[in-house]
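Visitor: Sequence:
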Amino acid sequence: MAHSIKPQLLQFLAKLTVINDAIFINVSWDNNDRKDAFTIADLVSQGKFLFYHFAEEKYSNASRMLRVHARLIKEQSRLKVRLRNNVLSVVFLELDRIFKDIGNPALLSILEKYPSPSYIQEVSEEEFIYSVLPARYSWHYLPRIKSVYQVAQRSIGSQIGTHWILKELTYIVRDLREVNRRIQEIRKVIQDIFSDFPPYLRLLSIPGVGPMVAATFVAEIGDITCYNHANQIIKLAGLDLASIQSGKYQSQRRISKRGKVRLRTAAYYAAIAAIRHNGFREKYIQIVERKGGDPGAKMKALIAIATKILRIVFRILKDGTIYSEDYGRGEKT
1 MAHSIKPQLL
11 QFLAKLTVIN
21 DAIFINVSWD
31 NNDRKDAFTI
41 ADLVSQGKFL
51 FYHFAEEKYS
61 NASRMLRVHA
71 RLIKEQSRLK
81 VRLRNNVLSV
91 VFLELDRIFK
101 DIGNPALLSI
111 LEKYPSPSYI
121 QEVSEEEFIY
131 SVLPARYSWH
141 YLPRIKSVYQ
151 VAQRSIGSQI
161 GTHWILKELT
171 YIVRDLREVN
181 RRIQEIRKVI
191 QDIFSDFPPY
201 LRLLSIPGVG
211 PMVAATFVAE
221 IGDITCYNHA
231 NQIIKLAGLD
241 LASIQSGKYQ
251 SQRRISKRGK
261 VRLRTAAYYA
271 AIAAIRHNGF
281 REKYIQIVER
291 KGGDPGAKMK
301 ALIAIATKIL
311 RIVFRILKDG
321 TIYSEDYGRG
331 EKT
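Every letter in the sequence shown is one number past the one before it in my numbering, and letter 225, counting from 1, is 225.
Source of the hints: derived by calculation from the structure; they are not laboratory data.
Mimicking EDC-like on lysine to aspartate or glutamate, the simulated pairs with C-alpha atoms at most 16 Å apart in a straight line are:
| # | residue 1 | residue 2 |
| --- | --- | --- |
| 1 | Lys167 | Glu112 |
| 2 | Lys58 | Asp223 |
| 3 | Lys80 | Glu168 |
| 4 | Lys146 | Glu94 |
| 5 | Lys80 | Glu112 |
| 6 | Lys113 | Glu125 |
| 7 | Lys113 | Glu126 |
| 8 | Lys80 | Asp175 |
| 9 | Lys300 | Glu282 |
| 10 | Lys74 | Glu178 |
| 11 | Lys298 | Glu282 |
| 12 | Lys58 | Asp192 |
| 13 | Lys80 | Asp101 |
| 14 | Lys300 | Asp240 |
| 15 | Lys58 | Asp196 |
| 16 | Lys257 | Asp240 |
| 17 | Lys113 | Glu127 |
| 18 | Lys113 | Glu168 |
| 19 | Lys300 | Glu289 |
| 20 | Lys80 | Glu178 |
| 21 | Lys80 | Asp96 |
| 22 | Lys318 | Asp223 |
| 23 | Lys146 | Glu125 |
| 24 | Lys74 | Asp175 |
In this text, all values refer to a predicted model and were calculated from it rather than measured experimentally.
Make the full structure from the sequences, and use the hints.
Guide: Here it is as structure tokens:
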């Protein structure tokens, strides 16, 4: 697709760089307008312009699917909030203490068959357990399901005028099931795109980097030959430090957040997962201790680990190697 667009795009750019005679004759030489045709033509004549880099089909396809995935995750979060705040807080508020993840498949199975405590009170504990714990779910849910049955017997949730609330619950659970199914489908599509792509497979060797994070790194960074230094990747993610300066005033340095939000988010989640592993955990603890009583020490340490991971990603993609403990230890944070 990119190759078919190039000729038309070049023709369009050629038209843009042609100076209208009237504009050239009447140009104001002290005009600082950024759209000044003379300035544009002068810069083009000096070669001070960049060609747009067309991403390969693999990268563009994955990037599109990642955008769809991000929208589905937002929709999933919205449905969870509606289920917790609009429905369960009225009819069965005790569930929130038992299932922290409101989208848990075992919880959804319970709500589909027993939308309120009064439904649970009508059956025995054994019947309740076996009706909501099919073989596809792990038996580690069993203690929580027993807890649901017990709290349902003494629930303080409203039992009056709940007909339409339970209707809403049915719709939300159905929509949440569908969104969950689509999320899994999209994730499989993204993994299939990169299933035989060496850079993607190499990134999976980094602690904390799973299939979706690795796919995000590859899709958002694109062709690694376009970059010469890891700092360019860090800036692309918006994790570079920046400050606001005006006269004698200079603000505290913070991450700029001017880059690709999906790349930055992926690096952050990778950092959260990575600090469970020895090498990254030691570095995380060192940074937190170095910050002393700083209330934001843990977040700053996570950002430092995220930056470290991006440096490792750059080296792995550039060198065509896989991660090792020594590899990561050599990267500064």
